[in-house]
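K.L.:
Taking the hints into account, I'd like the entire structure generated from these sequences.
2 protein chains.
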Amino acid sequence: MVKSIVFDAYGTLFDVYAVSTVSEKRFPGNGKIISRVWRQKQLEYTWLRSLMGRYADFEQVNQDALRFTLNKLGKSYTKTDLDVLLSSYLTLPPHPETGDALRALRSVRKMILSDGTEAMLLPLVDNARLTSCFDRILSVDTVKVYKPDPKVYEFAVSASKVSKEEILFVSSNGWDVAGSKSFGFKVAWVNRSKEPIEELGQHPDYIVSNLMELTRIID
Amino acid sequence: MVKSIVFDAYGTLFDVYAVSTVSEKRFPGNGKIISRVWRQKQLEYTWLRSLMGRYADFEQVNQDALRFTLNKLGKSYTKTDLDVLLSSYLTLPPHPETGDALRALRSVRKMILSDGTEAMLLPLVDNARLTSCFDRILSVDTVKVYKPDPKVYEFAVSASKVSKEEILFVSSNGWDVAGSKSFGFKVAWVNRSKEPIEELGQHPDYIVSNLMELTRIID
Chain L
49 MVKSIVFDAY GTLFDVYAVS TVSEKRFPGN GKIISRVWRQ KQLEYTWLRS LMGRYADFEQ
109 VNQDALRFTL NKLGKSYTKT DLDVLLSSYL TLPPHPETGD ALRALRSVRK MILSDGTEAM
169 LLPLVDNARL TSCFDRILSV DTVKVYKPDP KVYEFAVSAS KVSKEEILFV SSNGWDVAGS
229 KSFGFKVAWV NRSKEPIEEL GQHPDYIVSN LMELTRIID
Chain X
49 MVKSIVFDAY GTLFDVYAVS TVSEKRFPGN GKIISRVWRQ KQLEYTWLRS LMGRYADFEQ
109 VNQDALRFTL NKLGKSYTKT DLDVLLSSYL TLPPHPETGD ALRALRSVRK MILSDGTEAM
169 LLPLVDNARL TSCFDRILSV DTVKVYKPDP KVYEFAVSAS KVSKEEILFV SSNGWDVAGS
229 KSFGFKVAWV NRSKEPIEEL GQHPDYIVSN LMELTRIID
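Chains as they are written, first to last, in the working numbering: chain L, 49 to 267; chain X, 49 to 267.
Hints in this document: simulated from the structure, not taken from any laboratory. Predicted model only: the values in this text are computed from it and were never measured. One thing to keep in mind: the hints can contain errors.
For identical chains, the list gives no copy identity; a pair is met inside one copy or between any two copies.
[Stated by the list, open to error] The list that follows gives simulated cross-link-like pairs (lysine-lysine, PhoX-like), each with its CA atoms no further than 25 Å apart:
{"#": "1", "residue 1": "K127", "residue 2": "K242"}
{"#": "2", "residue 1": "K120", "residue 2": "K242"}
{"#": "3", "residue 1": "K123", "residue 2": "K242"}
{"#": "4", "residue 1": "K80", "residue 2": "K120"}
{"#": "5", "residue 1": "K234", "residue 2": "K212"}
{"#": "6", "residue 1": "K51", "residue 2": "K120"}
{"#": "7", "residue 1": "K199", "residue 2": "K242"}
P.N.:
Next comes the structure, spelled out in structure tokens:
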């Protein structure tokens, strides 16, 4: 019996690759590659800093990843370029079905558990007019380590006021699916683009192709 | 005063992208992309498993990464395909200058500290006729966690019989450079292909373009 759904934010509720549009405007011909390398590096840096015991918040990590990306692609850039690209993370568009799915899941408590800081997440959710959909918006910044460290998922349990077994964790990120399943959550993987499963020895309880399909699990 | 050099193996002493040749033979037209995705996934899985507290040895991780890679690229494969590609890790070629550089660095103790298992590292070094160059070959398999967890670097100190300050750590992998520097080693980054520095808040003491340049640091 699921009493609470905990959603990942970046990629799951919001489209992180939408930054390719603003990237393309500032670096013509490179929008898509910037969005890909930036996302990859951003994740790598969260994992590496966690392993090194050198937590820095996601605003810092996101900027560091963007600077590496532009250096790697041989692009010179200004502080304004950085500011414009970084601020696009505050207005990422939700996936097309996100709003409808959250409203359809009205019978359960809903939370966000994200690598982003509160200062990034609150405006992001507010800009998408989704604030009223959530009971809590949780940032790993409280525990100072990134997913998939089990301390992050444990933090969501303690904040949820229900037991681990009553939580459904939802993520589009295969590595987050593995981490949350390894921790002990019931997990749904939102696999929009038919990716192969990550070979990390963990398997989600459900695989859905979009958030609306979660209603079949909850009903 | 450097008394001991600790070398990373994959990428630093040996060319991991040489697997593109055997990959190309079994999957024509895909050798290079297989070598790239495989390496990336292999590293991701070491980091993610370490964070999840789900260590599996590098033989397992390497096979898991290869299976994901072939699935991602939409290639069907046999057990023989896997066996052939995985066994290529036992005969990776050293970089052109590796042997000469190790012999030129005869005045200091030399060790390897690698994510690989002993069962992978000993034949690899032996096939390259480099066994006599090293005092110790250390595998993270002893500590059951991967780089850049500081426990790995600490293990090298305890095995080296010299103090941390007397060790020069050498790696071509930017994330390993950051991890070893964060731990407290003196670090040389072998940057063969003029990559930008990883933006992880750590900077190597030396940047060299190949292993032979290490002789200038030691002399």
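K.L.:
How do K234 and K212 come out at 25 Å by Cα distance, when the copy is not named: within, between, both, or neither?
P.N.:
within (8 Å within a copy, 44 Å between copies)
K.L.:
Evaluate K199 and K242 at a C-alpha cut-off of 25 Å and name the case that applies: within, between, both or neither.
P.N.:
neither (29 Å within a copy, 37 Å between copies)
K.L.:
With identical chains treated as interchangeable, where does the CA-CA distance between K51 and K120 reach 25 Å or less: within a copy, between copies, both, or neither?
P.N.:
neither (45 Å within a copy, 35 Å between copies)
K.L.:
At most 25 Å between CA atoms: does that hold for K80 and K120 within a copy, between copies, both, or neither?
P.N.:
Classified as both; 14 Å inside a copy, 19 Å across copies.
K.L.:
Reference check for the pair K127 and K242, CA-CA at most 25 Å: within, between, both, or neither?
P.N.:
For K127 and K242, only the inter-copy Cα distance (24 Å) is at most 25 Å; the intra-copy one is 37 Å.
K.L.:
Checking an output row: K123 and K242, CA cutoff 25 Å. Within, between, both or neither?
P.N.:
Between. Shortest inter-copy distance 15 Å satisfies the 25 Å Cα cut-off; intra-copy 32 Å does not.
K.L.:
Cα distance capped at 25 Å. Does K120 pair with K242 within a copy, between copies, both, or neither?
P.N.:
For K120 and K242, the Cα distance is within 25 Å only across copies (10 Å; inside one copy 29 Å).
The earlier numbered hints that this structure contradicts are 6 and 7.
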